[in-house]
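When you get a sec, could you build the whole thing from the sequences and use the hints?
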Amino acid sequence: MACDMAKIQEIIDRSPQTPGSLIAVLQDIQREFHYLPCEALQATAASLHVPLSKVFSVSTFYNAFSLNPRGERIIRICQGTACHIKGADLIQQQLTSGLGIKPGETSPDMKYTLEVVNCLGVCAMAPVVVVNDKIHGGVRCDKAFKLVTKD
Amino acid sequence: MVQMTINGKVVKATEGEMLLAVIRRQGIDVPALCDHAAVEPCGSCRMCLVEITREDWNGWKKYVTSCLYPSEDGLIVTTHTPELQEIRRNILDLYMARCPGSELIQKMGEEYGLTRTSFKTIPEGDNCIMCYACTRICEVLGRSAISAVRRGHAKVISGPFGDPPPDCIGCLSCAHICPTDVIEWHDQDGVRGIWGRTFDLIACQQCGKTIITRDFAEYLKEKRQIPADYFDICDDCKRVELARKMGGLVDQAKEVAS
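Same order as they appear, the protein sequences are chains P and B. Residues 1 to 151 in the numbering used here are what the first sequence lists, from first letter to last. Residues 1 to 258 in the numbering used here are what the second sequence lists, from first letter to last.
If you are wondering where the hints come from, they were derived from the structure by calculation, not from laboratory data. Remember, predicted model here, so these are calculated numbers, not experimental data. Glycine is no exception: its CB is placed at the ideal position from the N, C-alpha and C atoms. Incorrect hints may appear among the rest.
Quick list of the computed label-pair ranges, beta carbon to beta carbon [claimed, not checked]:
#, chain 1, residue 1, chain 2, residue 2, range
1, B, 142, P, 62, 42 to 52 angstroms
2, P, 111, B, 31, 48 to 58 angstroms
3, P, 110, B, 125, 36 to 46 angstroms
4, B, 125, P, 20, 34 to 44 angstroms
5, P, 93, B, 152, 21 to 31 angstroms
6, B, 125, P, 23, 49 to 59 angstroms
7, B, 207, P, 68, 27 to 37 angstroms
This is the structure in structure tokens:
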């Protein structure tokens, strides 16, 4: 996939060009592209004077960063204890079959990425599904697919 | 200077000097796997744990990694309590499961009374104890070619993107510093292979012995102001040459004296 190098450089240039900006820059790139393109890591390393190996180390350490392209909509199913008891498994089944992707995968049309998280800290709202940072509580398994696909 | 008590003995040390160095200077053997004089301490192997307390702590004590704990006045350090030995034994038990192929780890385990690990041995274990000695020495050399990639169980030491590291110069520092000898390399037909890369080797112009990789020599010449002909002949041949020169001087001196 071709990368918008100008955009990447613009994002990098927004932060102070010091090693201390590394995580902030990676977060900004992640926010813009939904993942960290290979070229972006190289440009970040060069601009912030951080060894590429260290940039790669940081970007693989944090779960918030992805090195694989992700869909426009990132769907997180909570599988924490409360959500699990309230039927998160059934929601997962519905979404897996409805979207045709397993947790951790992205649909071929780059629209959806399905993820499973262990707890979102809002157990009172269980079962919880998060669509692009919007939290949906009390999700019903028969309505889950509609919830994540509606515009 | 600060004054501390180590295993009941009063000891003087420079303020801020790490405890492990002070302890070892006393001739006390505290094990450590990730510690090396060439790199900054990182406290990852946990073997150098010691017990510390102070007079005013009212019997309260704690365990610290001695490689990372700076000396301070009035510290009371104990290096070999039954609890500490138990902790070290447990850590070694885990290391033995992770490093079935490392002689050093298995031998250290035996010293702590472990004939075999009580855990399930990791079948695909690569004998790496994740002490970062290799990545730290690579950083010290100014290359930072390799680093820890991913986290937790999936963590490995590798070049960026899992590819052969482009910044590697084949110096072998990582392979030599590795406590469990897991970094594979080989020299064959004037070529060195390490981290999936190959490097041309420079051979001694007199005896033909391998000296260094061409990339490493170039790097040293550029960064460390080493004379251009420094790597033409090996250290052994340099010594022979020097001995010849010195011998000649002695002969000359004798002639002058007679």
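- [ ] Compare the structure with the hints numbered earlier in the document and write down the numbers of the violated ones, lowest to highest.
- [x] Hints 1, 6, 7 contradicted; others consistent.
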